[in-house]
Amino acid sequence: MRSYVPAYEMETPRDLSDALERLAQEPGVWKPFAGGTDLMVLLEAGKLPHRRFLNVSEFSELRGIEIMPEYVTLGALTTYTEIRRSEVLAREFPLLCRAAAETGSVATQNRGTLGGNIANASPAADSPPALLVYDAELELVSVSGARWVAYQGFWTGYKQIGLRADELIRAIRLPRGMRSWSHYYRKVGTRRAQAISKVCFAAAARMDAGRVADVRVALGSVAPMVLRAVETEKILRDRKLTRENLRAAQDVLAREIAPIDDMRSTARYRGRIAQNLLAEFCATLPA
Amino acid sequence: MPDSSRPGQGRKIFLDCEINGRALTLEAYPMARLLDVLREQAGLTGTKEGCGEGECGACAVEFNGLLVNSCLVPALQAASAKIRTIEGIAGGNPLQHGHPLGERLDAVQQAFLAHGGAQCGICTPGMILAAVNLLARNPHPSESEIREGLAGNLCRCTGYTKIFESVLAACRTTEFPSEPQR
Numbered sequence: 000m001r002s003y004v005p006a007y008e009m010e011t012p013r014d015l016s017d018a019l020e021r022l023a024q025e026p027g028v029w030k031p032f033a034g035g036t037d038l039m040v041l042l043e044a045g046k047l048p049h050r051r052f053l054n055v056s057e058f059s060e061l062r063g064i065e066i067m068p069e070y071v072t073l074g075a076l077t078t079y080t081e082i083r084r085s086e087v088l089a090r091e092f093p094l095l096c097r098a099a100a101e102t103g104s105v106a107t108q109n110r111g112t113l114g115g116n117i118a119n120a121s122p123a124a125d126s127p128p129a130l131l132v133y134d135a136e137l138e139l140v141s142v143s144g145a146r147w148v149a150y151q152g153f154w155t156g157y158k159q160i161g162l163r164a165d166e167l168i169r170a171i172r173l174p175r176g177m178r179s180w181s182h183y184y185r186k187v188g189t190r191r192a193q194a195i196s197k198v199c200f201a202a203a204a205r206m207d208a209g210r211v212a213d214v215r216v217a218l219g220s221v222a223p224m225v226l227r228a229v230e231t232e233k234i235l236r237d238r239k240l241t242r243e244n245l246r247a248a249q250d251v252l253a254r255e256i257a258p259i260d261d262m263r264s265t266a267r268y269r270g271r272i273a274q275n276l277l278a279e280f281c282a283t284l285p286a
Numbered sequence: 000m001p002d003s004s005r006p007g008q009g010r011k012i013f014l015d016c017e018i019n020g021r022a023l024t025l026e027a028y029p030m031a032r033l034l035d036v037l038r039e040q041a042g043l044t045g046t047k048e049g050c051g052e053g054e055c056g057a058c059a060v061e062f063n064g065l066l067v068n069s070c071l072v073p074a075l076q077a078a079s080a081k082i083r084t085i086e087g088i089a090g091g092n093p094l095q096h097g098h099p100l101g102e103r104l105d106a107v108q109q110a111f112l113a114h115g116g117a118q119c120g121i122c123t124p125g126m127i128l129a130a131v132n133l134l135a136r137n138p139h140p141s142e143s144e145i146r147e148g149l150a151g152n153l154c155r156c157t158g159y160t161k162i163f164e165s166v167l168a169a170c171r172t173t174e175f176p177s178e179p180q181r
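These protein sequence lines are chains Z and C, in that order. By numbering that gives the first Met the number 0, the letter at position 81 of the first sequence is numbered 80, and the numbering carries on one by one without gaps. By numbering that gives the first Met the number 0, the letter at position 171 of the second sequence is numbered 170, and the numbering carries on one by one without gaps.
Just so you know, these hints were derived from the structure itself, not from any lab. These numbers come from a predicted model, not from an experiment. Since no wrong hints were added, every one of them can be taken at face value.
Derived lysine to aspartate or glutamate pairs resembling DMTMM-like cross-links, with alpha carbons at most 25 Å apart:
1. K30(Z) <-> E26(C)
2. K81(C) <-> E60(Z)
3. K46(Z) <-> D35(C)
4. K81(C) <-> E10(Z)
5. K239(Z) <-> E279(Z)
6. K81(C) <-> E81(Z)
7. K239(Z) <-> E255(Z)
8. K158(Z) <-> E52(C)
9. K11(C) <-> E57(Z)
10. K30(Z) <-> D35(C)
11. K233(Z) <-> E136(Z)
12. K30(Z) <-> E52(C)
13. K11(C) <-> E10(Z)
14. K158(Z) <-> E54(C)
15. K11(C) <-> E52(C)
16. K81(C) <-> D14(Z)
17. K11(C) <-> E25(Z)
18. K46(Z) <-> E54(C)
19. K46(Z) <-> E52(C)
One chain only, chain C, in its complex shape:
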């Protein structure tokens, strides 16, 4: 039986998970934040840290198909999980064309480019994850469903109007919403 009086001294664990369709084994402390594991162990720095307390959505990723804030997920719980980050969004559907900067970008990414949905860029990966996840669940959201789907993502630059318009445009332009990774 472990001695309960000693100060806790966790050991790193190995985690097998799937990130953006690739099987990976990561080494991390069990309570390390998935956000840090993604950025520092997997080298996927597209996922941003904003508030670090689940309020701002900058660190949003798909976790077994569900949108989550990766700052609130301990590494241990990522064992066997399928995770999709912003790096895994583009190239999902070769039928989506239309923007000179990247014909394999997702419709949401193309709409953000076309409608000025990104400014400083810190909130953008989380916004795009939230929008892509929303459209996968609900390909034809109402305006209020779009607003609710993005309510967990804070932006300090755009005033939200251009982000909202980008997502609205993505709904209109795509017949092929990207599928959630299960």
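So that you can see chain Z by itself, here it is in the shape it has in the complex:
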């Protein structure tokens, strides 16, 4: 049933520091609101627990894609459409562009933001696997200052992240230098467009003389949170891609993930698909 709209409050703070003051004065009372593509769906379903929102969608400090020698930094309000149009992201971080293109429709991509996707913390979100492969770091700001944290380890449980109630995600930065890696992304859903994933798989590897010099693998929709398959990576790293090594990596992957049966798929299907996608990823790597 639809929520009773008059019971909800939303205000636009004067600026970013005003917003941070409000978050600090009443921790947990005010929730930041950006593009609304998740929160408005909950409102419509009568499942929006928060009652008070701060409209942060206009703050210029949270916007823009900045290219520095070491990092590409995306403001938290960067939309999927902006990600898709960025030449530097297409060149160096193609998994993020693929994820943005696979997220909802044009209308959703025009409104949905990367920071909002991180804060919503859905284990089925499309961009977190790409962010994990690229070792993303988050800048969290509050009245007491700013801190950078690694995105890996930021999740603490199902829909739980290490963001304090007085903090706002300001930016996401990606370390550069992966242009020569092989990148692979595949989302498996009920249909090819506009479906929430059954399994989402992002990976990248750097090959050297027939060996896997380095590799990163991340998956969505197969655990309470999006995860880096670090044990699976260890099996693949510093080895040749033989059939036996791939089989061993698939076995480890099956133990590393924790898929469940739900309305979108079954644990058995998800486990099998995750293993198949690992094999498909390895098949794309240069010998």
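With chain Z held as given, fit chain C onto it using these hints.
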């Protein structure tokens, strides 16, 4: 400081925005859906509600030149916005002629009439907004770009073929794609 223990009791706010080129002041609860504000406050019932959760595109409008689902936009964020609804599509370009039912219809609207792109009509305003917005960004889309541009709009009548053909025909017939409202 507001008392955080009391149940939230929002007040209506006044919003100045521009809809289909007209400056309007609307009164709404801050979290009211733009869809409802357009239909009930502005009287623009051409914008339809389908799913109400951003999946079907029936409520699509242009919002500062971008295609959005109006069911997912809270009224507060419409302050100062320029919005174009289906009511603002026709008459945009007097150079477009050709259909007896309305020589001032947009090329996309004319193509929908000529090629049977509309049946029950619920998805049609959103489809036309999506197509017009696509052609404004990309006047010569490939077939796959047309399909992607319409992927957020669900239709339960036509099987999509006639809608797709309508948009394809609109690309071919018009030299003057309508400009997005900025």
